[in-house]
Structures are given as C-alpha cells and as structure tokens.
Amino acid sequence: MDKYLINRQKHRFIEAELTKHYQAGRITEKQLNDMLDTYQVKEGLNFIKVLVTVGAILIGLGILSLIASNWQLIIKPIRLLLIVFGYITASIIGFDIQAKYPKTGRSLIYLSFLIFGAGIFLIGQMFNFGGRFTTAFLLWAIGIFPLTTLIRDRLALSFVQILLLVYLNGQYVYDDYPIFLIILIPLLYYVQKFFTGSFNLFLTNTIVLNLIWYTLDEGLNLNNDLIVLTFFMIGLLMFYMPNFKKYQEIFRFQGNLLFGLMGLLLTIKSSWDFINLNNYPINIIFTIIFIVFLLSLVKKENLLALLFVGLIILRFYFDTFYNFLPKSLFFLTGGILLLGFGFYFERKRKLTRGEGN
Numbered sequence: 001m002d003k004y005l006i007n008r009q010k011h012r013f014i015e016a017e018l019t020k021h022y023q024a025g026r027i028t029e030k031q032l033n034d035m036l037d038t039y040q041v042k043e044g045l046n047f048i049k050v051l052v053t054v055g056a057i058l059i060g061l062g063i064l065s066l067i068a069s070n071w072q073l074i075i076k077p078i079r080l081l082l083i084v085f086g087y088i089t090a091s092i093i094g095f096d097i098q099a100k101y102p103k104t105g106r107s108l109i110y111l112s113f114l115i116f117g118a119g120i121f122l123i124g125q126m127f128n129f130g131g132r133f134t135t136a137f138l139l140w141a142i143g144i145f146p147l148t149t150l151i152r153d154r155l156a157l158s159f160v161q162i163l164l165l166v167y168l169n170g171q172y173v174y175d176d177y178p179i180f181l182i183i184l185i186p187l188l189y190y191v192q193k194f195f196t197g198s199f200n201l202f203l204t205n206t207i208v209l210n211l212i213w214y215t216l217d218e219g220l221n222l223n224n225d226l227i228v229l230t231f232f233m234i235g236l237l238m239f240y241m242p243n244f245k246k247y248q249e250i251f252r253f254q255g256n257l258l259f260g261l262m263g264l265l266l267t268i269k270s271s272w273d274f275i276n277l278n279n280y281p282i283n284i285i286f287t288i289i290f291i292v293f294l295l296s297l298v299k300k301e302n303l304l305a306l307l308f309v310g311l312i313i314l315r316f317y318f319d320t321f322y323n324f325l326p327k328s329l330f331f332l333t334g335g336i337l338l339l340g341f342g343f344y345f346e347r348k349r350k351l352t353r354g355e356g357n
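Counting from 1, position 347 in the sequence shown corresponds to residue 347 in the UniProt record's numbering; the numbering is continuous, with no gaps.
Just so you know, not all the hints are guaranteed correct.
[Said to hold, decoys possible] When the alpha-carbon atoms are kept at most 30 Å apart in a straight line, the in silico DSS-like pairs for lysine-lysine are as follows: (1) K103 - K10; (2) K30 - K10; (3) K10 - K300; (4) K193 - K10; (5) K10 - K20; (6) K299 - K269; (7) K193 - K103; (8) K100 - K30; (9) K10 - K269.
[To be verified] FRET-style restraints, in silico, Cβ to Cβ: (10) P102 - P146: 14 to 24 Å; (11) I123 - T320: 57 to 67 Å; (12) F293 - L314: 48 to 58 Å; (13) K10 - L155: 14 to 24 Å; (14) H21 - F194: 43 to 53 Å; (15) L155 - F293: 36 to 46 Å; (16) L209 - E17: 36 to 46 Å.
Since the hints were made in silico from the structure, they are not lab data. Don't be surprised by glycine CBs; every beta carbon is placed ideally from N, CA and C.
Just need the whole structure built from these sequences, with the hints factored in.
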C-alpha cells in the first residue's frame, strides 16, 4: 500500500487527533495503528547529512585542484589511474560503511559521482577527444544513473536529471536532436517507483516538456506563439489527466503551473499574431474566459489559480496605466494593489488550511 508523505509537524497533529478518538473509544488500537501506518514522515534537512555532503564536495574539489595544478607534470597513464582509482575507492568505501554510517557513506558515493564527472572532462582533454561539451554531461548522467538507482537516493537522481537538462538545453546551441533522451525518459519514469519524493517526478516531467518544446521549435519549426498555446493545452491535460494514485498531486500542480504561465502569456495581444483575424481582440476574449476558469478553481480552494488571477490583473494594470498615470500615482496604486492582493492571498491560504476564520 502506498504511503502518504507528510512533514513531521502534520504527522504529530494526525497522531494526536487519532489518539483522542482512540481514548474516546471511537476507534480501536488496531485501527489507530493502521491509520497511522498509512502516513510516512518526509525526510527533512539533516544537519549531519549537509555537513558530510559539503565535506565530501570540499575534499573532491581539493583533490581535483591538487591534480589540476600538477596536471601537466603527470604522465597520461598515471593521470588515468588517478581518476579511476579515486572513483573506485570512493565508491567502495562509501558502500562499505553505508550500513554503519549511512550519511558519511552516502557522501563518499556523492564524491565518487563528482570524480566520475571530472574524469570525463579531464580524459577528454588529455586525449584530445573531439565532440561537444553537452556529450560530457550526457555521459556523466548515464554513468552514475545505475548507481543512483541502486542506492535509491533522491538527491543523486535529481543531480542526474539536472545533468540531462543541461545536455538537452545545450543541444539548442548545436541544433542537434537529443535522441538519447528518447531512451532515457522511460527509464526515468520507471525508476520513479523506487523513490518516495515528488520532486524527481517534477524534474522528469520538466525534461519531457523541454524535449517537446525542442521538438516543436527545432524539429517542426512551429511559431513560438503556437507552441505557447500548445503548452497551455498540455498544462490542462496534465491537470485533468486520470488519477495516477500518488503521482496525481504533482501532475496537477505542474499542469496548473504550466497552463497558468502559458495562459498569462496568451493574454498578450501579440501572442495571437499567428491567427489572422483582422485585429479581432481574441486576447481579451481569451483573458475573460481564462479568468472565469481560474476563479472556478479558486472556488475549489486552488491557491495557485488565485495567484495567476492576481498576476493577470497586475499585467493589465502595468500595460494600461504605465504610460498614462503620473509615475508616483502609478507606483502608489500598484503598491496598494499588491498589498491588497497579498492580504487576500494570505487570508485565503489560512482559510484553506483551517487556521482562521
């Protein structure tokens, strides 16, 4: 059974409330334990983990700096051996002590990832390999991906995904389609079941969205405004897609964020230039429909929709009054609007969380 990830404070609140019901005789002890077992406390920021991770990074940078400063004095076979030895040693020691000292062991594995990546760049320089810099990031991601899946570390997987994003966006420079991502993306979705965090799924979706944009822009040469409209529709699809159990929340959030940002762009008149309608105010019609849609979501306690309503109002305020009002009055009125919206947003947030009336 999938467990719901909540922070420690919420877990204590739920535990206290269920305990009250147990003490009042409304539920049995087994029901209490079964209900508590459906929740899992999210791992928060751990001081020791941060400390040893920073330590591992500093050690890695120190070793690399020492080697780099004497790089030209070291013969090529020794250079290669240093890189391989450093990577294997850090990995083996990290795995060996992980059971007894999990945070220190994990940090040494992080160190091996850094050595592996640095080794790719140094070996490429050492043997004068040609190619593009983006390929190094792809090789780095592919090289550490199996080990990342084996240790099931969310931070390491996030690092792999960031490397793939660097590779993908770097391909824009060379106008070359990132074909390897077509193979890696299904694997990223598959390994998601081994990881409890939703941020990794967010990054995987981001990679897919970047690839779709790249395909529409560079592959099909679509108009950018048409791409914005397409992504608005994709955002709606993600928001209303069928239930994916524990993944539904992140898909709805990312879809909401996507159609909100794209919808904000579509309120601009020039975003509809690809449609020749003889100056028909299609952006105004879209804005009215979009605001009504957002307000319907606000009624369902969607705070992100409320945020985009405020942004649309501010966009039209700046666009309409900046060149007409005296600057002092313009900024004064804008400040009042921001404060008013901030107050309403905070009040709505508290009401949604049940913190006040």
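Now the hints, each set against the structure:
With a CA separation close to 25 Å, the supplied pair K103 and K10 stays within the 30 Å bound. For a cut-off of 30 Å, the pair hint linking K30 to K10 stands: about 21 Å separates their Cα positions. With a CA separation close to 22 Å, the supplied pair K10 and K300 stays within the 30 Å bound. A distance of roughly 24 Å separates the Cα atoms of K193 and K10; the hinted pair therefore holds under the 30 Å criterion.
Under the criterion of a C-alpha separation no larger than 30 Å, the hint pairing K10 with K20 is consistent with the structure, at around 15 Å. Taken as a hint, the K299 and K269 pair is honoured in the structure, with Cα atoms around 28 Å apart against an allowance of 30 Å. Between K193 and K103, the direct Cα distance comes to roughly 23 Å. Compliance with the 30 Å bound is thereby established for this hinted pair. For the hint linking K100 to K30, the alpha-carbon distance of about 33 Å lies beyond 30 Å, and the restraint is violated.
This hinted pair does not check out: K10 and K269 have alpha carbons roughly 45 Å apart, beyond 30 Å. For the pair P102 and P146, the supplied restraint of 14 to 24 Å holds, since their beta-carbon distance comes to about 20 Å. Separated by about 58 Å at the C-beta atoms, I123 and T320 satisfy the suggested range of 57 to 67 Å. At about 18 Å, the beta-carbon gap between F293 and L314 misses the expected band of 48 to 58 Å.
Here the CB-CB span from K10 to L155 is close to 23 Å, well matched to the stated 14 to 24 Å. For the pair H21 and F194, the supplied restraint of 43 to 53 Å is violated, since their beta-carbon distance comes to about 35 Å. Evaluation of the 36 to 46 Å hint for L155 and F293 yields a pass: the beta carbon distance comes to about 37 Å. Between L209 and E17 the beta carbons are some 39 Å apart, a value that agrees with the proposed interval 36 to 46 Å.
Violation of the numbered hints given earlier is confined to hints 8, 9, 12 and 14; the remaining hints are satisfied by the structure.
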